[in-house]
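Going down the list, the protein sequences come from chains F, Y and P.
All letters in the first sequence, in the order written, are residues -2 to 279 by my numbering.
All letters in the second sequence, in the order written, are residues -19 to 276 by my numbering.
All letters in the third sequence, in the order written, are residues 2 to 325 by my numbering.
Be careful, since some hints might not be right.
So these bits of chain Y aren't anywhere near chain P, every CB distance computed over 10 Å [claimed, not checked]:
(1) I22
(2) P31
(3) L33
(4) Y34
(5) G50
(6) G103
(7) I163
(8) T165
(9) G176
(10) K178
(11) R181
(12) M183
(13) L192
(14) G248
(15) I251
(16) L269
What the simulated footprint calls covered on chain P by chain Y, stretch by stretch (three residues with Cβ under 8 Å from a Cβ of chain Y suffice, anywhere in the stretch; the number is not a length) [said to hold, decoys possible]:
(17) 131 to 145
(18) 151 to 159
(19) 249 to 260
(20) 295 to 305
Calculated from the structure, these hints are not laboratory results.
The beta carbon of each residue, even a glycine, is placed where N, CA and C say it ideally should be.
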Amino acid sequence: MAPILTVESLGVTFGGGTPAVKDLSFDLYPGETLAVVGESGSGKSVTSLAIMGLLDDSATVTGRAVYVDASGSPVELLGLRERALRRLRGNEISMIFQEPMTALNPVLTVGEQIAEALRLHQGASRRAARTAAVEAMEQVRIPDPARRSGQHPHELSGGMRQRVMIAMAMVCRPRILIADEPTTALDVTIQSQILGLLSDLKDETGAAVVLITHDMGVVAEMADRVVVMQRSRLVEQGAVGEIFHNPREPYTRMLLDAVPRLGALAGIDHPVPFPLGSEDYR
Amino acid sequence: MTDTMLPRPTSRRAGSPARRGSVFVALLRSPVGLAGILLLAICLLATVFGPMLYRVDPIEIVGRPLLPPGAPGAPPLGTDEVGRDLLAGLLNGGRVTLLVGVAAAALSTLIGVVIGGLAGYLGGWIDSALMRFTEFFQVLPILLFAMVLVTLFQPSVGMLSFAIGIVAWPGTARITRAEFMRIRTLDYVRAARAIGTKNLRIMLRLVLPNALPPIIVISTLVVGSAMLFESGLSFLGLGAPGTVSWGTMLGDNRDKLAIAWWTVTLPGAAIFLAVVSISLIGDGLNDALNPKRRKR
Amino acid sequence: MMLAGLRRLANAVALIVAVVLLNFLLIHLAPGDPAVVLAGEAGGTSPETLAAIRHTYGLDRPLPAQLLSYLGQVLHGDLGHSYYFDASVTSLIWQRLGPTLLLALSAMLFALMLGTVLGVTAARRPNGAYGSAITVLSVVGFAMPAFWLGSLLVLLFALRLGIFPTSGMESAIPQTGFARMVDVGQHLVLPTVSLGLVYLALYSRTAKASMVDVLGSDYIRTARAKGVGPRGVTFKHAFRNALMPVVTVAGLQTGALLSGAVLVEIVFNWPGLGRLALDSILRRDTPVLLGILVVSSVVVIVANLLTDLAYRLIDPRIRTGVAR
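Same shape as in the complex, but just chain F:
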């Protein structure tokens, strides 16, 4: 099977400082979930923004990111004309963000924000788009979707807002969904619901998902393959099973060790510091 997205030697620098992303290469295969893991500042989010062309003028992007579009032709995303990029965004490649509180426009109804994607990319009429938006909200399991679609973001809870974001991103049935820390800002119980939803939608639509996260627990639950980043560079990549059972790099091992295990402190009646890892990390 050929990859749907090939990233080669991606580099991103802001205003001549130290690079945010350096020499990053990975492939994304259709229908799989690829997790991009690393700490804050490792360059994970910047990578996805660069691929979508959403970085501002102060960023210098080098390398290649080749996407195979719906008709099968390869498209070089980096440096693509803005108009062509807009046709892909929200349509064939979608992105959802971390903060549902601030990521939705406060003055527009949630239904309108979902419908907008349909009107933009599928030329749907207002009425058709509105109906489809309500259906989309139902698919992401928002209760009472017809009434909710007329409400504004501040009237919904955090979990519901994230569902709206997901609905907005998936409504045009994109082939790639980039999810940038989708559950970090949510309560733990809501987290698992959202992850379950993403998983179901992925199965239904066959989309490939790039899941950006710093939480190895999420990776274990969702990912097929993993890309580990540290301070702008790729450290290790492989199938999720491999990464978890046979991590090759010390940094990867350190990330895994940082996940608290149930029962790890059995028999110890005082706090124990987290293992900070080997010298390689410093």
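Fit chains Y and P to the known structure of chain F by using the hints.
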């Protein structure tokens, strides 16, 4: 141990000499602030030392009326409708304006900081009551109110400063209140309250020094507003009797605009330049004190 | 929302009462006999007139009773009597209110509309030529006394270039209908610019800062990630959000605007409250002055209510009473 627990403002807070010095330096480094200071210096030198160097009495008639600048036998900037020297008038007229500007701004800052500070820090019904009070003064058309005050009570430089000062404070109060409310929630204030420090001490020693930057900026702008205010009242003929300010000159010569443009244009230019200098300093201070909050 | 609206209304009424109270206080705090103060220096200081004033205003009665009767008077629309003009204050003000409101409104609209357009356009490149021009405009606009600007504009456009009339609201030859509107419009231009420039500077600066702020927010990034183009981003997504601080600032300036109108009216001989106020001051006609104070305060209070209404229309968060 209690000693070290109360966070004391370090010498890097505004108000202590070290900090004040560095603010001034930062101000000089910003191009806007530098321009403002230079301009203000020119105005101050002109109004303070000018009359001593150019010893012409602004009230004395020195020539034929309405001589344009550059006419033969005319003083450097011409004469007004009565024959008085315009340059002398400009040099002398600035004093009242600047004095009233500063005095009124000082009064308004005092009132504004007290009201805004109490409202922002104490909250609750005090906040509501004080904000209603502030709203009332914002609703009042301030020029008209000042006009009423000056009519009912005898006009004088002091009265003028007072009248302007007691209507110009709402803006300062709101900014002070916002700052006090913000700082009140910060950890070092919470710590001080937790160990039982008296409110007044907290407000004066912890909150106020840290709230100063925006207060300083707006107070500077209030000086400019007060000067415009004074000019406006003088223009209407409501200035302190017996004194000549730029506004008065403008107002007296208003009807001569068609035939003697210099009698109107030049005093107005003086007001404009003085207020611009203050405004530039205010902007410069804004940049110097809040490098993160550039409002450009 | 009904409850909030009623509360705002009650607040407004309370403010009006407070202004009237202030007037009352001023009459009694001023040096001298309140009766003389009320008579003004119109020469109506004959003992009979003074006695008549005392009787009308009930100055012999205890203060609280006076206050109530004064309040009652004002709320009935009776703002007193002008001994100079020998007319009721209310009628005097009523004649002049229209032109003042016309001037104030057109200045506000001029500043708001042009300011918003300039600010929003400059936000695309905040540090470019456009953006810097707005910053310069705001410094210049703030420092320029309206009466000086008015004089300069008259000098240049009316006297030297002859494009606009020098003063007044209408030409000497009375016009009717559409021609009259055009005539008034022509006379309106220079005063509007004089009065509105300082607010134009303020609003364009606020609009620019606000728009820059909004354009950097998360929901704009989401919109772009959805494929929304620059026009959609600016008009559909950003504009309404950026408008709110501008409306706030505009609302706060109403009192100042009205005050400024007084000055500009005098420069341009505009037949509004400004002239009336100045004449009253010169003649020490206190009732008229106080009446103008009350009326202009009421105008400001009404304008604030309207601003509040505009707020509710723009920002759905306020409609449902959610604190931001």
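Hint by hint, here is what the structure shows:
1. I22: holds (15 Å)
2. P31: holds (23 Å)
3. L33: At about 26 Å from chain P, L33 of chain Y clears the 10 Å cut-off, so the statement holds.
4. Y34: Y34 of chain Y is indeed farther than 10 Å from all Cβ atoms of chain P, at 23 Å.
5. G50: holds (18 Å)
6. G103: Fine: 15 Å to the nearest Cβ keeps G103 of chain Y off the interface.
7. I163: It holds; I163 of chain Y is separated from chain P by about 20 Å at its closest Cβ, greater than 10 Å.
8. T165: Check passes; 15 Å lies beyond 10 Å.
9. G176: holds (31 Å)
10. K178: holds (31 Å)
11. R181: The claim stands: R181 of chain Y keeps its Cβ more than 10 Å from every Cβ of chain P (closest is about 31 Å).
12. M183: holds (25 Å)
13. L192: holds (22 Å)
14. G248: violated (3 Å)
15. I251: violated (5 Å)
16. L269: holds (17 Å)
17. 131 to 145: holds (count 7)
18. 151 to 159: holds (count 4)
19. 249 to 260: holds (count 5)
20. 295 to 305: holds (count 5)
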